[in-house]
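Novice: Here's the letter readout for the chains.
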Amino acid sequence: MLNDQQIEILHQYCECKGVSYYDVQTELVDHLADAIEKSQKKHPEFSFREHIAKVDAQFAPNEFALITKNKSKAIRRKYFSEFKEELYSYSRPPKILFLFFLYALLLSLNAYSHYFYVILQLLPLYLSINFMVWKKRLKILYGFHLFDSKKPLLSLKSIKWVYERIIITSYIPIILLSLYLRFKEFDRNSNFFFLTALYPIFIVAFISAVNIMYRIRFKIEKDYSKAFN
Amino acid sequence: MNKSHLYKGCLEPIIMQLLNDNGRMYGYEITQMVKDLTKNELQITEGALYPLLHRLEASGILEVEMENIGNRVRKYYSLTKSGKKQNKVARTEIQAFIDTLQTLVNPKLA
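Chains as they are written, first to last, in the numbering used here: chain A, 12 to 240; chain B, 7 to 116.
I should point out that these hints are in silico values taken from the structure, not numbers from a laboratory.
One or more of the hints may lead you astray.
[Claimed, not checked] Derived BS3-like pairs: lysine-lysine, alpha-carbon spacing no greater than 27 Å straight-line:
| no. | chain 1 | residue 1 | chain 2 | residue 2 |
| --- | --- | --- | --- | --- |
| 1 | B | Lys81 | B | Lys94 |
| 2 | B | Lys14 | A | Lys52 |
| 3 | B | Lys14 | A | Lys28 |
| 4 | A | Lys95 | B | Lys91 |
| 5 | B | Lys45 | A | Lys84 |
| 6 | A | Lys171 | A | Lys161 |
| 7 | A | Lys80 | A | Lys230 |
| 8 | A | Lys233 | B | Lys94 |
[As the list claims (entries may be wrong)] Where chain B lies over chain A, by a calculated footprint (3+ residues, C-beta under 8 Å):
| no. | region |
| --- | --- |
| 9 | 14-27 |
| 10 | 80-89 |
Being a predicted model, the structure only gives us computed values, none of them experimental.
Don't be surprised by glycine CBs; every beta carbon is placed ideally from N, CA and C.
Taking the hints into account, I'd like the entire structure generated from these sequences.
Specialist: As structure tokens, then:
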């Protein structure tokens, strides 16, 4: 069994090969350690460095970079499909009841308050100004502080990438539509129809993104606790 | 003659079958088992194995379990429920593929 120092050397070896992510490194380090341990049994006279050189010769020059690149693609796809699965769950019972509740809430608020429609139109504008002015506060509000870790993690970077895209994609149409409706005069009820049709979908997309992000984030922390301590 | 390229399209069913037979396995264990079972005929490179494992994991065919082995972390792969179903389909497909090859290469035996 390799000692702590030798494992650390293997992590550095991966780093030299262009693998800076701790989660990619751990799998490769285990692989290399197994190969070295096997080689040590066969040739006990060799030094640790010689065993590394022997194992290294079995790898193609760009093999490590290729593994990282493909892993990145695969986990992004995995996180997107988990998000889609979560989003679709709102079209089936029991979560569909939540969607109905949101529609009912917006419709009743619109019926009782004349200002509600205006607030609804201006809300995305207010939130986008927030994004620009209070970045730090919103970083915590939207959970972006959860993507900080002591060692770089490809899985964490990927879930952040996916999360940002979902938030932005669900945000932009709402802002554009709100602005369009703000300056283009329609009758109040048809305008409200557009907004009520979109707002609950935006809210559900946002909740799904946050749900998935938290679930994946804490699984990553559980699996790679050393990267956070 | 290096025959590895002949197995290229078959890696996925090979790995799925190994995981089906052995429950859970880690990367290095898979490479060694393939090497032993095929008597060094097929040697899966790390550059082929890990991207495939990650892709299968992303497709929901494989699930992952992390375990601390002494001073390092080991990643075990196993088939999910849908992975087991997928494996049955893959086995049927590969059998059909072998039969077709047999017909082409040795028509007398087919």
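Novice: Next step is simple, just say for each hint if it's right about the structure.
Specialist: Structure-based check of all given hints:
no.	hint	in the structure
1	B/Lys81 with B/Lys94	holds (24 Å)
2	B/Lys14 with A/Lys52	violated (31 Å)
3	B/Lys14 with A/Lys28	holds (25 Å)
4	A/Lys95 with B/Lys91	holds (22 Å)
5	B/Lys45 with A/Lys84	violated (33 Å)
6	A/Lys171 with A/Lys161	holds (16 Å)
7	A/Lys80 with A/Lys230	holds (22 Å)
8	A/Lys233 with B/Lys94	violated (33 Å)
9	14-27	holds (count 3)
10	80-89	holds (count 6)
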